[in-house]
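Chemist: Residue numbers (my numbering), protein chains in the order written: chain S, 26 to 260; chain C, 556 to 664.
Source of the hints: derived by calculation from the structure; they are not laboratory data. There's no promise every hint is true.
[What the hints assert, rightly or not] Listed next, the in silico EDC-like pairs over lysine to aspartate or glutamate satisfying Cα-Cα at most 16 Å (straight line):
#1 K120/S with E155/S
#2 K125/S with E155/S
#3 K256/S with E595/C
#4 K585/C with D121/S
#5 K37/S with E155/S
#6 K210/S with E595/C
#7 K119/S with E155/S
#8 K643/C with D209/S
[To be verified] Facing chain C, a subset of chain S residues (Cβ under 8 Å, in silico):
#9 V64
#10 I96
#11 L109
#12 I163
#13 L166
#14 L190
#15 F192
#16 Y229
#17 L235
#18 P236
#19 S238
#20 A250
#21 L254
Ideal Cβ placement from N, Cα and C applies to all residues, glycine included.
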Amino acid sequence: MNDQLTWQAAVKDTLPTIFGYIGIGLAFGVIGRTSGLAVWIVVLMSAFVYAGSAQFTTVSMLTALNPVSSIVLTTFLVNSRMILMSTTLSAFFKKDSMAKNLQIGSLLTDESFALSMNKLNYTQNRLSFEWLNTSNWIAYLTWVLSTLAGALLGNIISSPRRFGLDFALLAMFIGLLYLQVLADKSMSKKLQLLAILMTMLLTYVSMIILPASLVIVVTALVGCALGVLVKHAFF
Amino acid sequence: MPSSNVILLTMLGCGLATWLSRIIPFVLLKHFQLPKQVVEFLSFVPIVIMTTLWFSSLFTAHMGHLPKINLPYALASVPTFLSAILSKSLLIIVLVGVLSLMLLRIFGF
Chain S
26 MNDQLTWQAA VKDTLPTIFG YIGIGLAFGV IGRTSGLAVW IVVLMSAFVY AGSAQFTTVS
86 MLTALNPVSS IVLTTFLVNS RMILMSTTLS AFFKKDSMAK NLQIGSLLTD ESFALSMNKL
146 NYTQNRLSFE WLNTSNWIAY LTWVLSTLAG ALLGNIISSP RRFGLDFALL AMFIGLLYLQ
206 VLADKSMSKK LQLLAILMTM LLTYVSMIIL PASLVIVVTA LVGCALGVLV KHAFF
Chain C
556 MPSSNVILLT MLGCGLATWL SRIIPFVLLK HFQLPKQVVE FLSFVPIVIM TTLWFSSLFT
616 AHMGHLPKIN LPYALASVPT FLSAILSKSL LIIVLVGVLS LMLLRIFGF
């Protein structure tokens, strides 16, 4: 990664993250198909909802014949972390037009958010529409095409898990987290490590006491609040 | 599976709910500044979100019970983390991660 914010830099910066989209996209295509959804519905879901984990939840809730309202509510809860991420990201696009802001927002994912936060460490805290929009479109097209491939090949490659591709996304988060801590000069390393440890503990406890759809968003909210408290108390 | 109409309606609802979470902050915050306290709160979002997205995937949750560890994911995280320290390259980290899990599965984990 460097300080360039051109579309060429975006292509280069996004390349490592596409394995995550391919792995999960293939898996979603296969699972959607084997759950009895038509190919076009599986692909439409990826194109229209574009939400990774929430799509898996949706398919399993559909097969279990849950009411539409509770599926939509679950999706909203699982994805409400997007509000935190787009709030954070919006600060860097204030000078761009509303249309550009809407484009950036509409294609925001966990991965593009994490990638952007990493990029900031190399660009004196700047992002460009050209850079993020290019990165977002590569991610989106990869996701939709991988879903299509998974849905079409569903009966042939019964298990993309065998190739370890389901770990691409997690490996990416491990990498981006490590690189983030390494590069972020605005917060002390000790405070960052403490925030990470507290978040791990919070995640574990949340998994015991909360329904699965709430774990990530509640952990995110409480984790950030604890981070602020610890920062003021000890740093 | 429910009927196509129900599935399409579900998809429409899920798509809208997700899209609104994505764009509303961009629309609302276009013209005004967030208070300092909120900015400070948000400065923790990147590491907290990345940590919980990774760590929660290492377990299967059953509310009211202790989370069950996903051993292959937990084990594959170790070489992945080591490759992060050694290479500092996202591409290598992802490849090492995928390869590690593939090998673990071959050896029966």
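Chemist: Does each hint hold? Answer for all of them.
Modeler: Right, here's what the structure says about each hint:
Pair hint K120/S plus E155/S holds up; C-alpha atoms about 13 Å apart against a cutoff of 16 Å. With a CA separation close to 10 Å, the supplied pair K125/S and E155/S stays within the 16 Å bound. A hinted pair counts as satisfied when its Cα atoms are at most 16 Å apart, and K256/S with E595/C qualifies at roughly 10 Å. As the CA atoms of K585/C and D121/S are separated by approximately 9 Å, the hinted pair is consistent with the 16 Å bound.
As the CA atoms of K37/S and E155/S are separated by approximately 13 Å, the hinted pair is consistent with the 16 Å bound. Between K210/S and E595/C the CA atoms are separated by roughly 15 Å; this keeps the pair inside 16 Å, and the hint holds. The straight-line distance between the Cα atoms of K119/S and E155/S is roughly 14 Å, inside the 16 Å bound, and the hint therefore holds. A distance of roughly 14 Å separates the Cα atoms of K643/C and D209/S; the hinted pair therefore holds under the 16 Å criterion.
This hint is violated: V64/S has a C-beta 13 Å from the nearest C-beta of chain C, more than the 8 Å allowed. The beta carbon of I96/S is positioned within 8 Å of a beta carbon in chain C (closest approach about 5 Å), and the interface hint is therefore held. Evaluation of the L109/S hint against chain C yields a held restraint, the C-beta minimum of about 5 Å falling below 8 Å. Interface restraint check: I163/S against chain C, minimum CB-CB distance 14 Å, threshold 8 Å, status violated.
The criterion of a C-beta within 8 Å of any C-beta in chain C is not met by L166/S, whose closest approach is roughly 17 Å, and the hint is violated. A hinted interface residue such as L190/S counts as satisfied when its beta carbon comes closer than 8 Å to some beta carbon of chain C; here the least separation is about 6 Å, so the hint holds. Because the closest C-beta pair between F192/S and chain C is about 4 Å apart, less than 8 Å, the hint holds. Taking 8 Å as the C-beta contact cut-off toward chain C, the hint placing Y229/S at the interface holds, the least distance being around 6 Å.
Interface hint status for L235/S: upheld, as the beta-carbon distance to the closest one in chain C is roughly 7 Å, under 8 Å. With a cut of 8 Å, the hint placing P236/S at the interface with chain C holds, because the nearest CB-to-CB distance is about 6 Å. With its C-beta approaching chain C no nearer than about 10 Å, S238/S sits outside the 8 Å limit, and its interface hint is violated. Interface restraint check: A250/S against chain C, minimum CB-CB distance 7 Å, threshold 8 Å, status holds.
A least Cβ separation of about 10 Å between L254/S and chain C goes past the 8 Å threshold, and the interface hint is therefore violated.
Hint compliance for this structure: hints 9, 12, 13, 19 and 21 are not met, and every other hint is.
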